[in-house]
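Novice: Working from the sequences, and respecting the hints, build out all of it.
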Amino acid sequence: MVEKKEYKEWPPYAPGTYVRESDIRDKKITYTWWEPEVQYSWSLGQAMSKFLLGLKEGKIYGIHCKPCKRVLVPPRMFCEYCYGPTEEWIELPDTGIIETFSISYLDPDARRIEDPILVGVVDLDGTPPHHGFMHYFGEMTKDEIKIGMKVKAVWKPENEREGSITDIKYFKPLKGGGD
Amino acid sequence: MKEVAVIGGGMTLFRRHLLETGKELSYLATKMAMEDAGIEKDDIDMVVMGSAPDAFDGIHMKGENLLDGAAGVGKPYVRVFNGGGTGVFAPIAGWWHVASGVADICLVVCEEKMGNTYPHPQTAFRHIWDPILDRPLTPNLVWLFAMEMNRYMTVHGIKKEDIALVSVKNKRNAVDHPCAQLADPNITVEDVLNSEIMAWPVNRLDVSPPSDGAAALIFCNKDIVHRFTDDPIYIAGTGWSIDSTMWTNRDLYFPQYVAQAAKMAYKMAGIQNPRKEIDFAEPYDPFSYKELHHLEGLLLCKKGEAPILTREGVTQRDGDLPVCPSGGLLGVGNPIAATMGQKICELYWQLKGMAGKRQIPGDPRMGIGQAWGDIMQMGTVMILRRG
Amino acid sequence: MGFLEKQTDPTSPMHWRGDMQADYFYPSGVAGDKFFKHLMENDTFLVSKCTKCNKTYCPPRLYCEDCYVEIPNENWKEVPPMGRVKLYTVAKLNAHGKKLATPKIMALIDIEGTNSAMLGIIASGDIKKDFSGVKVKAIFRQKDMREGTIKDILYFEEI
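Protein chains in written order, with the working numbering: chain A, 1 to 179; chain B, 1001 to 1387; chain C, 2001 to 2159.
Derived by calculation from the structure, the hints in this document are not laboratory data. Any given hint could be a false lead.
Not everything, but these chain A residues come out facing chain C in the computed CB check (under 8 Å) [as the list claims (entries may be wrong)]:
1) Ser41
2) Ser49
3) Cys68
Every residue, glycine too, gets a C-beta built ideally from N, C-alpha and C.
Specialist: Rendered as structure tokens:
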């Protein structure tokens, strides 16, 4: 039976048993360990296939959504705003401006690193404002990086490109463009 | 559509690791909510479970696993999930059940065990990224928040000191919450700014911790609420909206999807002037800047104005618009879906005058709670009203 | 190709390979922790009984899922690790679809003195035998090798 409890303050208590990291290390509690093995093979889809093949050739492809009058990059088969099909591919310049960035002292496994990684979003030229993709920034220091800086892609050599976003190594400052 | 009242709430302790299994946590939170309402399992018509990715607990189809702890055995039961938005979306789903008339009494339970991913939930968070475009760059989820925070700061010219004030306020507020994981009565802005930089501009004390925990709420319709209380708290408005996953094709400085969800909720509640008519707010604060970002998204202040309100003390418990009086995620903890405990259970306890040392002075009558999720996409909003 | 173009080249679209890396740590829970800690020292099962409906759970629970009441400490007791086979199957393939060196007999065993059944492996060379209703008992790891997980039960053996 659960009777109504007339406590004055809620929550009246905090049920739960606190387990410290040391309890786990010293095996004060029992637990089961599990390492799942799950492999995936994701279909790229038509639009992304062409985009990645384009990267292998050293080109960045975007696609038009005519009703919305925007060039989509990363490209997709349909526009998620007007829900219509996209058409007409266009090769975009590999330059843009920094939309936003972060200076990370954490590596992908959340471990601390001394030399920070510079990462952010590049707003590509030839697209409406705020359209681009995420990538690394290089050949600039953490004090130099700023939103609005003009940047250009640095590509891997042709024989090392495999049809992946990493075919671009990073974006570097575009000198001489007037910043 | 029937009017829906909240008649019980409960939550567990929040910590990085709790011994209890997900089922046991669900049971403990539900038991407290039942004690509040004075009902038992047979009185409940339907159950809604909210829990974020299976990948945290490490149990595929965890909705089905958790149901016996959530009083779901032999009942109509559904699990809903939209990442961090689940904490307010699960009560919205509970509201559907009662407002539509299919259930008189509905139990909503939210549970999360982030401690099960070892060594850190980052390993599960890694899989939120697009496998083709983003994962080859081996990103860390903190980067995403750092990029949004940077954009927000740059567009409005906000300094880190102003954002750090949010961590200070919430961690101090959490001292009065019995379930709190990271309460700190003495924390200062310097502590936040001097804490280690994770990904600039995010420092360690700008981030809420991953947690284990559960929370529960019980709803009933207006026709029978007199059996439980003379002073009912009603759900005045609900709203939810989501934006595209193509986050690199949006300007992140303003959460458009939160504004859309808020407008939907204000319309339902008949609120014309949110800043005047809402007495207090519990926006989602997984990161310190997020409280400000969401306050603006909830249309409770102009774009760029939230840091000014914080600096002027307007958002303190005794201010004109108390924000996160519970201590929020920054102070109490962040077990994703179970943050319903701070976001909606807190609204209910505050409106009933039962929040103890956290109680906002001045007899609040209308509160708004909000959650946010996925890749900068989901906005879920609920407004509770007294009487 | 946009949506309106015909796809004629079978080698494109491509695929992207990857995996989901995550390691998991599952604490046994309040009830489970008591069960496994007991099992590390004893060769019996701890079980718990609901005060309202008298259903006895093995492995034990903190609360009864039907009545939704907490099961107090006084309602816990020990039972010998024995029971009867309720259902069984002979597995010839492993989880990845590869043939097993020796077929495994997986069984659901009604534990004596409880209303619950546990999953276990029956150690027997005779895969053609009909195990339904057969009485079995659990064989455990050596005490000093026990780790506090379900694997401390090595297998079930016919009595």
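Novice: Mind listing which of the numbered hints don't hold for this structure, in increasing order?
Specialist: 3
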